[in-house]
Structures are given as structure tokens and as C-alpha cells.
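Could you build all of it, start to finish, from the sequences and the hints given here?
Going down the list, the sequences are from chains A and B.
Per numbering that gives the first Met the number 0, the very first residue in the first sequence carries number 0; after that it's consecutive.
Per numbering that gives the first Met the number 0, the very first residue in the second sequence carries number 0; after that it's consecutive.
Treat the hints as calculated values from the structure; they're not laboratory data.
Just so you know, these numbers come straight off a predicted model, no measurement behind them.
Among the hints, erroneous ones may be present.
[As the list claims (entries may be wrong)] Footprint (simulated), chain A over chain B, 3 or more residues, beta carbon under 8 angstroms:
1. 120-134
2. 219-226
3. 287-300
4. 307-321
[To be verified] Using 20 angstroms as the maximum straight-line C-alpha spacing, the simulated SDA-like pairs for lysine to any residue come out as follows:
5. B:201 with A:93
6. B:201 with A:90
7. B:525 with B:465
8. B:525 with B:289
9. B:201 with A:95
10. B:201 with A:91
11. B:201 with A:92
Here a beta-carbon is modelled for each residue, glycine too, at the ideal position from N, C-alpha and C.
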Amino acid sequence: MPSWPALLSQAFNGLALGALLALVSSGLTIILGTLGVLNFAHGALFAVGAYAVFVILQYTQSFVLALVIGCGFMLLLGFLLERIIIRLFYNRPHEDQILVTYGVGIVLVECIRAAFGGNAQRVPTPSWGQGATQLGFLIYPTYRLQLIAIIAMLLLSLYLVLYRTSMGLVVRAGIENPGMVGILGINLRRTFLLVFAIGVVAVGLAGMLYAPVVAVTPDMGANFMAQSFVVIVLGGLGSFPGAVIGGLIAGEIISLTSAFNSSYSEVMLYALMALLLVLRPQGLFGSEGRV
Amino acid sequence: MKVVPVGRARSYLPEFAVLVTLVAAPIALPYLGFSTDLLTRVLNWGLIGLGFDILFGLTGLLSFGQAAFYGVGGFVTAYLLVSGALNSVWLALAAGTAAAGFAGLVVGWLAVRRIGIYFTMITLAFGQMAYFMENSPLSDYTGGENGIPGVPVPVLGFGEHAIRISAGLPMYTLFAVIFFAGYVLARRIVGSPVGAVLLAIKENTGRVAMLGHNVPAYKLTAFVIAALYAGLAGGLLGSFQSYMPPDAFALETSGQLVVQTIVGGAGTLVGPLVGAAVWMWLRDNLQLVPGLATLWKLVLGLAFIVLVIGLRRGICGEIAHWWSERRNYAALRAAEAATQAIEATGERIVKPSVRRARDVMLPLPSPAIGASDIALDVRALARHYGGLKAVDGVSFKVMRGSIHAVIGPNGAGKSTLFKMLLDEISPSSGDVLLFGAKVTGSGVSHAAQFGIAKSNQLNQLFPNLSVRQNLRIAALGRRRGPLRLDLLRPADSLPEVEEQVGSVLALLDLVGRADTPAHILAYGEKRRLEIGMALATSPNVLLLDEPLAGMSPAERAATCALIRDIARACTIVIVEHDLDAIFELAERITVLYEGRLLADGSPEEIRRNQRVQDAYLGGLHAHESA
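Rendered as C-alpha cells:
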């Protein structure tokens, strides 16, 4: 039995990881919910975000500026991918959509490898996030605390976009019934373009924010993608609140299990998914009809 | 029927071609940059691919978790050998393969409950789970990140005469023999009734269930077959390189298999092998080109995207498609021309004079349960969607051997009622009894096995299968039962089924079109095939959902005659908007209005019924209910 401070520290780690997974998964889930496409390039886009911040930081010294420019880059990449490739696949079987996005993922990862090599790169922690913060009986790395706060703000703004704007209304209506939205004379194609780009920016931002914490490698996104699949199965396909809460649950499961026995942390996550698929296949927030 | 022996002889051509390629490869291919070891590796990928192609190419289930079974087979084999538990490599291979098959059974049992992206995500997640299990909790057995070194090579024979199968050509020969055996077996499976059902599942899963096949069990069968092939390949890998690497379990491995299959051509069995050859060749040879060393996978990725966008059949698939187009060009064009002729002339093609009453022979025994005169007993059937009561407590009885019609204005609940009769939709309350036995609650494929078949309002055909194959899937349903694993017998070798198919073909006037793919048929022919598929299951009760919709007057007359023919062999329940046809056909009519039973009686009674007239002339007393 680990000590309470160790457990608490792991709970914080879980929160940080969970927040990150929530951001990654919400990008995945809004694309899936609206466009019906399961984006297998999501892990690669996570890595693209991390490398974007790595490159931009070499020209500007400001992490915030790097984030802003990085977002612009991800938005552009999202637009291009939707226009050139994803668009061709809306009327094709799910299997084809999975295959083509998997191919896009390979190409993105290999582009990174060709440009930067396979070795791990380091992104420095921003100056405002150095050191550790005293939290009562726990000392915790400052940047991780900031990470939680920043992602919370990002998720909140994504929530506001989805639930408080007319575009968000169209997106949510599109998740419910794309055909009807089309009949109402709303140009869903343009919304699709925007939603795909927003999803790409979300996962790119997750990669950028996480870059200072981990070793940046071309393959860094693969594991995140697999975990975010678990998250959206937990939360229910296409559900934004489900992705956020599912992300937090997944993060806590991984972190808290590793407080007891680190070798089981990932296994537990997938075991939980198996259990949920048997007991409640539509996920925590999904409705039966969408499965 | 005389054509069959010729077809059989020709059908061994692929086996022969594969055999020749396997023999010629180590002689010819080294000049193209394939070393013998590389070829052995390609064969190993090809072996997993055989199983994967049955799962993905044949059944249409895209798994991203094959690495789990590859790894299980490999590590179980390697552990048994290195730990000294088993001395014989062959026994260890068998054990590893069986272990992978068992893992496939467990994972597949969970995965086949879901379809589409859910299925893919579940397999991927279990693949990752296996990877992490290998890496830490089980690392005492698997060596974790180090894998298991020192896996021995197989030995042929005993004692002093034993031959160790060493690296190089002997190992290639072993892999080639195993691959060839695996290929022949896979071809048999594809050509078996099970293979036919699996292909039909890819074409139209819902209809396969409606015909009485246990779809989840067949999917699970394909999943386990794929796991067994993967496990065997995994076991051979350790022996081949005397080391079992942990990355056998990696997501990369599953992904590589998928890419190779697409590149080589899904649904061709040898596609994954060809794809693996392309992958391995690019990897080994582009690395030698200055400036391209790190780009080989980028090139492959781009090629993969292009293939998925434009040439979805892959290398072997395109070749096979071109070959069959060329061979069947005349037949296909003739079939298309016939379709155009029917659609252009329409009415003239069906000559009423030619149609005469026929004896409908349904050679299969009708397992009528009990001797009751009531075929279907519908008791207080209701279906509520939230507050909407689509069907609200409807009861009626269908007499054996009658034509019973269900009519009502739009939104009366006819389609919902119909779907509940064969448990396609489960009712909120009430039940349906077929000859006194309860149908409700056991699912649509059980209902079909009980003897309730339905032809749908919208055609639910297997569009890329021939008319004969469509009917065969239907006739196999009740003949073989919900699940039967006759993996080795040819699909067309059940004489009763072929006889059944032949008689339905004749009944439908589709004998000349037996080998035409269903999607080429004219509209009227497709409608007839839709009815014929329901009929080919030898139902006790046949449900016809708007069989006349969209037909020309002549086609209507012909179809009505067909329905009358069928009625002499089994009980018919029909939903139709064409009231003239209904009053002519039906012996008893049930009228629904706003989810409730409005009237039930003979056509004469219904015709005179004031409430029915009111309902059809626009609402009962300006909205009695609602």
C-alpha cells in the first residue's frame, strides 16, 4: 500500500494525463461524431503538434507565441487534409476511412522522421513553468499544474464553441442527424471542413503542450491514439462530455494503478474497456441507437 | 450442370500458380534483390495474411489487433521450447497456434458484438493490451523488452537421421510447404458453405441474419481462423530467427499487415503475400539508394493512400478483376444488355400467356410445429418509441395456408408490426406464436430458423453475388441450421440445397439469369429475387412487405400470379398499398389505423366496413385518438 502523499501525487499525475487525454479525445470525438470518420491519423497529428512547437521555439523564444503559430499551422494542415483527402471518403465505407487516415498517419510520421531523424528531441519547459509548486503537503511540478489549467480553459472554450454558438448548434445537430441538417439547407460540407480542422488543432495543441514533459519522437502519438480510442469508447462515440470525463477517468486509472503496480497501469485501462463493452457497449454517455 | 467438371478443373489454377511461384521464387527472385531470408520473411507475413484475408477480405471485418495473436502464438511456442517444457518444435508450434486460437476466441467473442469502427477499435485496444501484458506483468515468462532468445529450429525425423532445418534454403522450403498447405486450406474454406456465408456477411449482414444464419458465430469463426493463422506464423517466426522479438505484439505489426493486405489486394488470399513482398523489397532496396534510405516508408505510405483512394482492389485484386472481366466480358455485357432490354420494353417481356399456375415444390421438409390451423398468432403486440405508440396492442390470427393482408394508411404501424412478426424489432410487449411456439424474444435469425421469412420493402440482396449464389445463401439457412462448421466441403455440394435453388430459379423465371450478379438485374427481376430469397428458406410463413411497390402494371400482374403460386405451398402475410391487388389476393384482411387494430375480416367485410372507409378517406372523425 503506497503512502497517502504518493497516492495524491499520482492522482495529480492522473489529472494531468487525463486532461491531456480529454483534449486528444475531444478532437477525435467531434470529428467522429460530425463527419463519421474515425481518424487514424490522430496519433501522427499529436506528434506533428509536438514537432511544430519544437521547430517554432527555435525561431521565437516565446512558448506562447509558439503555441499560437503552431495552432495556425495545425489549422492549415487540417484544412488541407480535409480538402485533399478526407472529403473524398465521406460516402465510402468506414473501413476505407480508417485505412486512408491510417495512411495519412504513416506519411506524416515518415515526413517527420525524414526531416528530424528518429532520435528523441527535447523541448524546454517554458520559463514561466519552471520549478515546483508547494501544495500544502505535496510539492508538484509547476508546469504540470499549468498544463491542467490551460487544458481546462481550452476544453471550456471548445465547450462554448460547441454549445453556445450557431456553428456549434449545427455541429451538434449534424451529429444527431446529418441528413436532416442538409435538408434544412445548411451547408454541412463547410461545417465538416471547420470541424475537422478544429479536431486537428485540438490534438495538435495537446501535442504542443505535452512536448516539454516527454521525449519528442516521431512515434510518440501512437500510444496516445490507442488510449484515446479507449476514452471515446468509455465516453460514448461522438460525445464531447463523454470524451472529457472518459479522458479524466482513463488518466486516473493509469496513474493510480501505477501507484500500486506500474506494470499493470496500461493493462488495467484496456481491461476496463473490455468490461465496459460487455456491460454497457454504448459507453457512459452514448445512447444505444448510435452503436 | 455439365459445366461443373470443367469449372472444377479450372478452379485449381490458383493453387498451381502459387505452387509454381513458391518453387521458382528462390531461383529467380534473388536477381531482383530478394535474398532467401527475405523470401522466408515474406512467406511468414503471407501466412498471417491468409487468415487476415479471410477475416477482412472475405468477411469485411477490419482488425487492427492481429499482432496480439501473432505474439501469443510466437511467445507460447518460444517459451515452451526455451523453458524445456516441450522438446519438439512441432508440438510447441501446435500449442502456440492453439493458444492463439483460444485468445482469438476470447477477444473475438467480445469484438464481434460490435460492427464497423467499434470492431476495429476493440481489436486495436486488445492488441495494445496484449502488448503491455507481454511487456510487464508477464515479463518473467516473455523476457519483457528483451524477448526470448535461443528458440531452436525444427527437426525432421528422429535419432541419428534427424535433419535440423537450418537457415537459408531449408527454412525457406519449410515455410513454403506450410504456406502452401495453409493456402490450399484457406481456398477450401473460402469455397465452403461457411465461406459463402462469410462473403454474404460482408455484402449484407442484416440479410444473412434474416435468412437464419447465426451471424455473430460465423464472424467469430472467421476471427478464430485468422487468429490460428497468425499464431502459427508467430511460432514459426521465433524458430526462423532463433529469437522471439517483443515487437511481434506492437501496433506497428498489425498496421503493417493491414497495409500489406491493401497493397497486395484484399479478398485474394495471396494479396497479403504480394503486399509483404513489396513492403520488404522497398525496405531493403530503397535503403541502398543514396538519399532515399529513410524515405522508403514514406514512399510506401503515399502509395498506400493512392491505392486506398483509387485502386482499392490492390495489386492482385486488380489483376484478378481484369482477368475475370476479360474472361466474362461477353457474358457480362450480354447480361447488361438483357437488363436494358427489360427496362426499356418493360411490359412486353412478361407475357401473361406464358405465365400459368405452377405447382410450387419446396423440396425441403417444412418442420411445421403442431397441427394447429393457426399459423401465426399475434397477441397484444405493441411497440412504443418514447411517447409514440407505433403499434399499440394489436392481436390477430393468421390461418394456415391462407393469404392474409395487413393494410392501413401511411403511419398506421404496418412496417413496425411486420418487423415484430419476425423479431427484427423486439416488441415493447406482447408476443407472436408460430404454430403455438413463441417466436418473440429470440432474434431474427431464430425466427428464420422457426420458419418465418420476409421479403423486404427495399431490396436486401447480396449485390455482387450471382442470382444463384444469392439463393444458395438463403437455401443454406434452414438446411444447415444456424451454425455449421463444414469448412472443407464445397459450397455447391449439398444436393438438396442445389435442388431447392434450381426450383426457386425456375419459379422466379430467372433460370437464364442464374449466373448474373444481382446488381446487374432489372428492377422487376431484383424484386422477384428478393421474394425468391425469402422463399428459398422454405418458410412456413412468408411475409411480403410491399412486394408490388414500384412495379409496372404488367409486372404487378406477374407478381400477383407468383404470389398465388407460392400461396399453395405456404402461408403468406402481405403488406401492400395497392388495394385492388389486395382485395383480389387476400382471403383475410387486417386493417391498422394509428397503431391500433381497426378491423379484421374477409375482403367483403372490410370493403363494406364504414370505419375502414372513413380511415382511408382522411381521418376518423377528425382525430378520434392522438
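Worksheet item: Are there three or more residues in the region 287-300 of chain B whose C-beta lies within less than 8 angstroms of some C-beta in chain A?
Response: Our answer is that it holds, as 6 residues pass the Cβ test (under 8 angstroms) against chain A, meeting three.
Worksheet entry | Given pair status - residue 91 of chain A, residue 201 of chain B, alpha carbons within 20 angstroms | Measuring from Cα to Cα gives roughly 15 angstroms; hence the hint holds.
Discussion item. Please verify whether residue 525 of chain B and residue 289 of chain B have alpha carbons no more than 20 angstroms apart.
Written reply: Distance ~58 angstroms between residue 525 of chain B and residue 289 of chain B Cα, so the pair is violated.
Item to complete: Check, residue by residue, whether the region 219-226 of chain B contains three or more positions whose beta-carbon lies closer than 8 angstroms to a beta-carbon of chain A, and give the verdict.
Response: violated (count 0)
Worksheet item: For the region 307-321 of chain B, do at least 3 residues have a Cβ located nearer than 8 angstroms to some Cβ of chain A?
Response: holds (count 3)
Worksheet item: Keeping to a limit of 20 angstroms between CA atoms, is the pair of residue 201 of chain B and residue 93 of chain A held or broken?
Response: 13 angstroms, holds
Worksheet item: Does residue 92 of chain A lie within 20 angstroms of residue 201 of chain B when you go C-alpha to C-alpha?
Response: 11 angstroms, holds
Practice prompt. Take the C-alpha atoms of residue 525 of chain B and residue 465 of chain B, compute the straight-line distance between them, and say whether it is at most 20 angstroms.
Written response: Distance ~12 angstroms between residue 525 of chain B and residue 465 of chain B Cα, so the pair holds.
Worksheet item: Are there three or more residues in the region 120-134 of chain B whose C-beta lies closer than 8 angstroms to some C-beta of chain A?
Response: holds (count 10)
Practice prompt. Mind checking the alpha carbons of residue 201 of chain B and residue 95 of chain A for me, to see if they're no more than 20 angstroms apart?
Written response: The given pair, whose Cα atoms are some 14 angstroms apart, holds under the 20 angstroms limit.
Worksheet item: Regarding the pair residue 201 of chain B and residue 90 of chain A, is the alpha-carbon distance no greater than 20 angstroms?
Response: 17 angstroms, holds
The structure is inconsistent with the numbered hints 2, 8, although it conforms to all the rest.
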